[in-house]
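Trainee: If you want the building blocks of each chain, they are given just below.
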Amino acid sequence: MIYIGAEEIISPLGKSAEENFSAILANRSGISLADHAGFNGDSVYISKILDLSEENKFENLITTVLNQVIIKIDNKIVSSERTVVLLSSTKGDLDNNINDQFGKTIATLTTQFNLANQPIVVSNACISGVLAINTAGNFIESGLYDHVIVIGCDLISNFVLFGFQSLFAISNQPCTPFDASRNGITMGEGCGALVISNSKMIFKEQPLKLLSGTSANDANHISGPSRTGEGLYRSVKRTMEMNDLLPADIDFISAHGTGTIYNDEMESIAFDRSNLTPIPLNSFKGYFGHTLGAAGVIETAISMQMLRNQMLIKSPGFETTGTSKELNIVKENKPANLRTILKTASGFGGGNASLLIQKI
Amino acid sequence: MSFITAYCHITSDSCLVNGEEIVTRDSLSNDSWLKQIYKSQEFVYPKFYKMDSLAQAGFLASELIKRAQPNLSAYQDDEIAMLFGNQYSSAESDIRFKKSYEEHGAPSPALFVYTLPNIVLGEIAILNKWFGENLFVVLPKFAPDFFVSYAKILMSKGSEAVLCGWLGIGEERSDVFLFLVEKQGNAGMEFNAGNLHKLAGFELV
Amino acid sequence: MDNLREDLKKQIIEQLNLEDIQVSDIADDTLLFNDQGLGLDSIDALEMIVLLEKYHGIQVTNPDEGKEAFVSINSMADYITKRKG
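Chains as they are written, first to last, in this note's numbering: chain A, 1 to 360; chain E, 1 to 205; chain R, 1 to 85.
It is possible that some hints are incorrect.
Claimed, not checked - Computed footprint of chain E on chain R, listed as stretches where at least three residues anywhere in the stretch have a Cβ under 8 Å from a Cβ of chain E:
(1) 9-19
(2) 47-53
Stated by the list, open to error - On the chain A side, residues computed to face chain R include the following (Cβ under 10 Å):
(3) F168
(4) S223
(5) G224
No lab work stands behind these hints, which were simulated from the structure alone.
Treat the numbers as computed from the prediction; the structure is a model and nothing was measured.
Note that beta-carbon positions come from the ideal geometry of N, C-alpha and C, so glycine has one too.
Make the full structure from the sequences, and use the hints.
Mentor: So, in structure tokens, the structure goes:
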């Protein structure tokens, strides 16, 4: 069995996974209006960590979250020869060093935490987080490592904000994934981490089970999703078949749900093709914004909190179906019997990835 | 067992397939080095001109590998995985995109879409209609151990072949090395770290 | 008016990085987004919006507006003239 636990989240909603979950239960969102943040001096909705200094933010978030994770596991694990760290991020520490966005952070991590093995950066656009967790599961299943610490982190920068503005992809309201009125993404920043291991004993709190999944390319367009949801459909199909699960076995889907017309529509088509439309589903991006390389880790971590607390979490901003295939979007937080959660992600470069987590 | 059945190098002035040089850089040409390879090898794919250098290098090397290993087309459309990496992510394209809004008046969407290192995988997938596994990693240097371990893991989980690549592309230099790993060998070299290290030819220390 | 069409062709070649295309390759009524025409794609359409701002001071706030305006050089010239009032 492959265990997953010790999840942590640092975001505008809080400095721990538990704090973030409480904030979500209290219907809070990390999204706020930032004056003059846009390229033309326009005000833009973003989800920014406001109470942390901008100086060295990327590195600080990562070292902080790793310190928090270490408290939740056997403290010999982090520097063990049988452990590797994966960092999931799209732009790293771009504002401090555009020429080498990961070098310094990785070097700092290695020295500060006495890491025995070279950390690996997974940089695969918005599917990086889910992909990193799958890679971790694969490493452990193969026996290459016994423990993998996965950290996901990305910041909001002018670089990325202006870029998405040039694609007309930024929403003029806090994003409303899957809703009929949706018109784009809300950028978010944050840092998430979790530990994957072949040993239950390393965790101080009961871990969950990871059923690692797969990725599949759309083979369609570098920045637009496939109209038939081909890549996401194939990834979900393979992930479920590999783990011997049927649609009826899934209790909840944490979808990618960015809030763009095309992405959310594509997901509805892929889930429909997979016979998953009756399954309760949400997007967490109405709480965290789109945290890019951190998204897969943060959203898996918060899904783990759902399993621990046996609570279904609503999809904020959703009111009316806005996709051609109707999904069972969760509209209010409520207690539920949850055992198995499917997490999906889609991203630029045609990537799609999925994984499953389960209460033991 | 698995085998390296084809490989391609693009260095700063030479393009080699399976160790044999097929194009030498013309330092007097107005065309970029990658464009020279494109024209010399008579590729016809107009999208090439829109790509950034990571994507162009990936396109060229993968196409040359396909020519060297034509039975690639016999695989199912999801059986070929892609496992790529480099040291500096998409830094070169990032710098160009940053210039577009800092110096040239407006952020360029055509440049922005290349500010992610995995886009090259998308370009190759689109061209070939490959729906398989993808992974792009950033490492301080080419790591044969990682590529051997993870390519083998992918082949144990449903992939039948893995197209691996190191795209060390910068303003002044090119250390591009793509190699194809398959479960069947024929004339291929055994896929292990020692062979990979030798084949890569990079300074690894 | 001829100058505008001529300029537009040069600007499109420049802004969209159209390799090996000359001004003479683009007719006034060439279908820009048609595969039999110039074969431009959705990202090119967004670059056209940047082009309108950069060279003609026209702001397009809704990318869908572009779909009709960008059909051909003629339609672009008409759009620019209309927007400049």
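Trainee: Next step is simple, just say for each hint if it's right about the structure.
Mentor: Hint-by-hint comparison with the structure:
| no. | hint | in the structure |
| --- | --- | --- |
| 1 | 9-19 | holds (count 4) |
| 2 | 47-53 | holds (count 3) |
| 3 | F168 | holds, 5 Å |
| 4 | S223 | holds, 7 Å |
| 5 | G224 | holds, 7 Å |
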